[in-house]
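Asks: Sequence:
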Amino acid sequence: MQPFVKLTGVAVPLDRVNVDTDQIIPKQFLKRVERTGFGQFLFYDWRFLADGSENPDFVLNDPRYRGASILVAGHNFGCGSSREHAAWSLLDYGFRVVIAPSFADIFYNNCFKNGILLVTLPEDAVRTLMDAAARGVAVTVDLERQVVETAEGVSWGFEIDPFRRKCLLEGLDDIGLTLQHEDAIASYEAKRKDDPLAVFAGR
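First residue of the sequence shown: 333, per my numbering; consecutive thereafter.
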């Protein structure tokens, strides 16, 4: 997993509440077994018209937000089904941070396991960020300092679980965490090979 320490980039104001995972990545695109390749389908029903052309009224199609890495959204972002593809599609599109007043629980966990930082801020702070993003003001998210700030000098602190913070800073997903104990696992397996009953005898 790619470590996340600090990011300065373009923020997209997605001024909608209750954005569910079927809007983030519609069900018809959940056929891939890889984690990549979903970005092209992100927000598909909003990004594209019936004839397959881009919807000029959807914010991600605004030329000012091409290449954006920070998404600012309304309450209850990521509600609906538990599909992990929602996190995969955001990451594959290029988002490393989503900022909102609240998130759905399963989506919240899925994002952190895939290297996306979710920042919960009060509604008035999110509104200020959306207004700044609409003016093209760059936003910086600093995980070490736990601060979000705009290029105009407005900033907010945010809370994050210490374990999630450590995993993001060091780029550790579940496999990476397990591999930190590789020597101990190898030692155990070698001992178990010589004494198959050791696991039952507690040796």
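I should point out that these hints are in silico values taken from the structure, not numbers from a laboratory.
Predicted model, so just to flag it, every value in this text is computed and none were measured.
Yeah, the Cβ is synthetic: ideal placement off N, Cα and C, and Gly gets one too.
Check before you lean on any hint, since a few could be wrong.
[Claimed, not checked] Simulated crosslink set (DSSO-like; lysine-lysine; CA at most 30 Å straight-line):
{"id": "1", "residue 1": "Lys445", "residue 2": "Lys338"}
{"id": "2", "residue 1": "Lys445", "residue 2": "Lys498"}
{"id": "3", "residue 1": "Lys498", "residue 2": "Lys338"}
{"id": "4", "residue 1": "Lys445", "residue 2": "Lys359"}
{"id": "5", "residue 1": "Lys445", "residue 2": "Lys363"}
[Stated by the list, open to error] What follows is a list of derived Cβ distance ranges for each label pair:
{"id": "6", "residue 1": "Arg477", "residue 2": "Pro454", "range": "15 to 21 Å"}
{"id": "7", "residue 1": "Thr368", "residue 2": "Pro454", "range": "33 to 39 Å"}
{"id": "8", "residue 1": "Phe380", "residue 2": "Lys523", "range": "54 to 60 Å"}
{"id": "9", "residue 1": "Asn387", "residue 2": "Val479", "range": "17 to 23 Å"}
{"id": "10", "residue 1": "Arg477", "residue 2": "Ala516", "range": "20 to 26 Å"}
{"id": "11", "residue 1": "Asp506", "residue 2": "Phe361", "range": "23 to 29 Å"}
{"id": "12", "residue 1": "Lys338", "residue 2": "Pro395", "range": "39 to 45 Å"}
{"id": "13", "residue 1": "Glu502", "residue 2": "Arg396", "range": "32 to 38 Å"}
{"id": "14", "residue 1": "Gln478", "residue 2": "Asp352", "range": "24 to 30 Å"}
{"id": "15", "residue 1": "Asp506", "residue 2": "Asp347", "range": "32 to 38 Å"}
{"id": "16", "residue 1": "Arg459", "residue 2": "Ala382", "range": "52 to 58 Å"}
{"id": "17", "residue 1": "Asp377", "residue 2": "Lys338", "range": "31 to 37 Å"}
Asks: Taking the hints in turn, state whether each one holds.
Replies: A quick look at each hint next to the structure:
1. Lys445 / Lys338: 18 Å, holds
2. Lys445 / Lys498: 12 Å, holds
3. Lys498 / Lys338: 13 Å, holds
4. Lys445 / Lys359: Roughly 21 Å separates the two Cα atoms, so the pair holds.
5. Lys445 / Lys363: Given that 30 Å is the threshold and the Cα spacing comes to 21 Å, the pair holds.
6. Arg477 / Pro454: 15 to 21 Å: Holds: the Cβ-Cβ distance is about 18 Å, inside 15 to 21 Å.
7. Thr368 / Pro454: 33 to 39 Å: 34 Å, holds
8. Phe380 / Lys523: 54 to 60 Å: Holds, at about 57 Å.
9. Asn387 / Val479: 17 to 23 Å: 34 Å, violated
10. Arg477 / Ala516: 20 to 26 Å: Given range 20 to 26 Å: violated, Cβ gap about 34 Å.
11. Asp506 / Phe361: 23 to 29 Å: For Asp506 and Phe361 the Cβ distance comes to about 25 Å; the hint holds.
12. Lys338 / Pro395: 39 to 45 Å: 26 Å, violated
13. Glu502 / Arg396: 32 to 38 Å: Check passed, 33 Å falls within 32 to 38 Å.
14. Gln478 / Asp352: 24 to 30 Å: At 28 Å between Cβs, range holds.
15. Asp506 / Asp347: 32 to 38 Å: Since Asp506 and Asp347 have Cβ atoms about 34 Å apart, the given range 32 to 38 Å holds.
16. Arg459 / Ala382: 52 to 58 Å: Once the Cβ atoms are compared, 32 Å apart, the range 52 to 58 Å for Ala382 and Arg459 is violated.
17. Asp377 / Lys338: 31 to 37 Å: 33 Å, holds
The structure fails hints 9, 10, 12 and 16 (numbered hints given earlier, in ascending order).
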